[in-house]
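Student: Residue-level listing of the chains:
Protein chains: 2
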Amino acid sequence: MVVMADASSFFLISSPQHGFCSITSSDLGCTKYASSCGMHAKAHVATRTGVMDWRMPHSSIPTTFRKPLMMLNCKKKGLELVSDLGLGSFVKDGFVFRQNFYIRSFEIGPDRKVLVENLMNYLQETSINHFKAIGLFHDGMGSTPEMNKRSLIWAMTKLHIAVDHYPTWGDVIQIDTWTVTSGTYSMRCNWMFRDSKTDKILARASSIIMMMNKKTRRISKIPDEVQAELKQIYVDTQFIFEDDTRKWSKLDENTIDHVCNGIMSVPMTIMEKYELASMTLEYRRECRKEDVLQCHTYVLGKTNDGIVDCDHVHCQHLIQLEVGSGGGGGDGDEILKGRTKWRPKYEKC
Amino acid sequence: MVVMADASSFFLISSPQHGFCSITSSDLGCTKYASSCGMHAKAHVATRTGVMDWRMPHSSIPTTFRKPLMMLNCKKKGLELVSDLGLGSFVKDGFVFRQNFYIRSFEIGPDRKVLVENLMNYLQETSINHFKAIGLFHDGMGSTPEMNKRSLIWAMTKLHIAVDHYPTWGDVIQIDTWTVTSGTYSMRCNWMFRDSKTDKILARASSIIMMMNKKTRRISKIPDEVQAELKQIYVDTQFIFEDDTRKWSKLDENTIDHVCNGIMSVPMTIMEKYELASMTLEYRRECRKEDVLQCHTYVLGKTNDGIVDCDHVHCQHLIQLEVGSGGGGGDGDEILKGRTKWRPKYEKC
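Those sequence lines, one after another, are chains A and B.
Oh and the first sequence: position 72 is 72 in my numbering, straight run, nothing missing.
Oh and the second sequence: position 203 is 552 in my numbering, straight run, nothing missing.
Looking at chain A on its own, in the form it has when it is part of the complex:
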């Protein structure tokens, strides 16, 4: 589960539909977080704009990122193990954080390919280590000092991941992550997965994370003081990644609804012959311990259950509250809406 906030509860919350925001750049200003790294600094960096095309080869990523000066000086504090244990390091003038992962025996499926949930785990881990290494976030879950003052935490509201090639057991993958501003309510995190040996792009991901009040559990505008803190980590760039702007398709009597109590509801016929090519998840509200969930998977454009051809398969997914634990959710409330695209596992399936 990819959730970036305090570990005491999972929160999957309602998300306004967010598209891409235009990215503005401004001078780098240093605030109180500086003192927490044992120093004070103020810097002005020239504003430049770059375009990052996720489809470009690695060497072509423009290095027009603004440099977060703070983290370089914070490196010596408690991060000695970074290089030893592969906890990641900065590249591209310090604006991109890179971490390698060895695909372990317990992270794979029967075909020895990594399971997508483990790729999602890596996303979370890379971002958290990124934030830690910057030295700005001290609670371990990405909250800045100004956020802590206001009881604000991060909540992921949307995640889009596209996997071109699944790495297999024993492969080493290299994940680059960087953050861009995304308006007054949210921040965008991006990830690029590559095979560390061949440099081949394996997967791309992007998420919207929003600010939530820890007590009221409501979405909050990002306060100016927090925006000032975050400025230093934003990469001043646009990037091209086919965002999933599809609308939730209308369901009719031809749509097959696979229902189950639990998380798993993709039909076995799909799981066996297809692999997940891309997935977009929208977290619409929190669910809590002891909530009972119901999952629906709608296989689109099929008039019967015979998913035997070699076409891609498109699904829509809905997780809703069946029985709430009393935490405020009503029965039937939507927890998550998702869309998935599946491609045949083999050329001739």
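Think of the hints as simulated: they come from the structure by calculation, not from any bench.
Everything numeric in this text was worked out from a predicted model, so none of it was measured.
Any given hint could be a false lead.
Claimed, not checked - Here are some chain B residues pointing at chain A (derived, C-beta under 10 Å):
hint, residue
1, Glu456
2, Pro459
3, Asn467
4, Met469
5, Tyr471
6, Gln473
7, Ile477
8, Lys481
9, Met617
10, Glu639
What the hints assert, rightly or not - Each computed DSSO-like pair below joins lysine-lysine, with the alpha-carbon atoms no more than 27 Å apart:
hint, chain 1, residue 1, chain 2, residue 2
11, B, Lys462, A, Lys215
12, A, Lys214, B, Lys622
13, A, Lys289, B, Lys694
14, B, Lys564, A, Lys113
15, B, Lys694, A, Lys215
16, B, Lys549, B, Lys694
17, B, Lys622, A, Lys289
18, B, Lys638, A, Lys345
19, A, Lys113, B, Lys563
20, B, Lys563, A, Lys345
21, A, Lys149, A, Lys231
22, B, Lys498, A, Lys113
23, A, Lys341, B, Lys638
24, A, Lys214, B, Lys462
25, A, Lys289, B, Lys462
Think of the CB as a built atom: it goes at the ideal place given N, C-alpha and C, for glycine as much as any other residue.
Fit chain B to the given chain A structure using the hints.
Tutor: Then chain B, alone, in the frame of chain A:
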């Protein structure tokens, strides 16, 4: 799930009750596996006997292990990444394999302590990397060339793990693993978990793995040719670890039976106030995809559900087949029997 065999199916199989076997030592003989490492060798090593006390401080482990000569010469082949990415290395004259793990954000519970299932994942990973590093096992799941010839695979039949202290997110734990012979049917794998900074013992584990025919799915005696291959990896030592020899307690009308369809059946009152201190699992037969399982947890020695005191809690667990998928199992067949001991999370619970 800790299963050491081919990834195409999980196998949890019936286990004769195994105690500790006396360990005999003999000369090191080299067989055909040597050629697979691109060389031939034959060595005679003096027989010595050591005693390994798991409660002893780290530096006191006697270095009386016989040296597996093969692996030292195989090291250059495909193991370049071992030191870079923390995939482990040999210590104690090459008889103990050591790997470090950084506790990641997605491996912890709400209290930021690692979940026991992740400790079990580390067991598997360390042992597999151990076997790989020796250069004897080429299929990735620990099958030797002589095992491959005979369609033999490994199956874990018993696992005992005791956790003194749970490491938390960001801790680095050091796992030592070594193998001892255990009669004509099985091999024993041992693991010791330490805090890499303080050297404090965190957990200990031991398992019995047996040989199974991949086609018939039946337990097999270890053939002499395989025993000859395995000799080089055995540590010539006894070790002291309080083995769990308790028998399955008789259940009476005072025993509370918590039943659920799924894997989770430990009552929430235990999960909230107690942490797992030790666990013994006996895998009694395989289960397969689409089998439907039923779990029972029996809380021992309690006449009501009010588990509120500060004593340790003892449970027995049974996973049985509710509906078989047609793979040979009958309804009600025992898949796994387990015993767990829980201690209060806080001194004053």
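Student: Hint by hint, say whether it matches the structure.
Tutor: Hints versus structure:
Interface restraint check for Glu456(B): the shortest CB-CB distance to chain A comes to about 8 Å, inside 10 Å, so the restraint holds. Residue-level restraint check for Pro459(B) holds (minimum Cβ-Cβ distance to chain A is 5 Å; threshold 10 Å). About 9 Å separates the beta-carbon of Asn467(B) from the nearest beta-carbon of chain A, less than 10 Å, and the hint is met. Residue-level restraint check for Met469(B) holds (minimum Cβ-Cβ distance to chain A is 8 Å; threshold 10 Å).
At a threshold of 10 Å, the smallest CB-CB gap from Tyr471(B) to chain A is about 9 Å, leaving the interface hint in force. Given the 10 Å rule on beta carbons, the hint for Gln473(B) holds: about 6 Å separates it from the nearest Cβ of chain A. Look at Ile477(B): its Cβ gets to within about 5 Å of chain A, closer than 10 Å, so that hint holds up. With a least beta-carbon distance of about 9 Å to chain A, the hint placing Lys481(B) at the interface is held under the 10 Å criterion.
At a threshold of 10 Å, the smallest CB-CB gap from Met617(B) to chain A is about 8 Å, leaving the interface hint in force. Given hint, Glu639(B) at the interface with chain A, holds; its Cβ is 7 Å from that chain's nearest Cβ, closer than 10 Å. The hinted pair formed by Lys462(B) and Lys215(A) meets the criterion: a straight-line CA distance of about 24 Å does not exceed 27 Å. For the given pair, Lys214(A) sits about 24 Å from Lys622(B) by alpha-carbon distance, which is consistent with the 27 Å threshold.
Between Lys289(A) and Lys694(B), the direct Cα distance comes to roughly 19 Å. Compliance with the 27 Å bound is thereby established for this hinted pair. A threshold of 27 Å between alpha carbons decides the hint, and for Lys564(B) with Lys113(A) the separation of about 24 Å falls inside it, so the pair holds. In summary, the hint linking Lys694(B) to Lys215(A) is supported, as the alpha carbons are separated by about 26 Å, within the 27 Å threshold. Between Lys549(B) and Lys694(B) the CA atoms are separated by roughly 19 Å; this keeps the pair inside 27 Å, and the hint holds.
For the hint pairing Lys622(B) with Lys289(A), the CA-to-CA distance comes to about 15 Å; that is within 27 Å, so the pair holds. Straight-line distance between C-alpha atoms of Lys638(B) and Lys345(A) comes to about 19 Å, which keeps the hinted pair within the 27 Å bound. Our distance criterion of 27 Å between C-alpha atoms is met by Lys113(A) and Lys563(B), whose separation comes to about 22 Å. Taking the CA atoms of Lys563(B) and Lys345(A), the gap is near 25 Å; set against the 27 Å cutoff, the hint holds.
Of the supplied pair hints, the one linking Lys149(A) and Lys231(A) holds, its CA atoms being roughly 18 Å apart against a limit of 27 Å. Our distance criterion of 27 Å between C-alpha atoms is met by Lys498(B) and Lys113(A), whose separation comes to about 26 Å. For the hint pairing Lys341(A) with Lys638(B), the CA-to-CA distance comes to about 24 Å; that is within 27 Å, so the pair holds. Restraint check for Lys214(A) and Lys462(B): satisfied, since their Cα atoms lie roughly 22 Å apart, inside the 27 Å limit.
Taken as a hint, the Lys289(A) and Lys462(B) pair is honoured in the structure, with Cα atoms around 18 Å apart against an allowance of 27 Å.
When the structure is compared with the earlier hints, no violation turns up for any of them.
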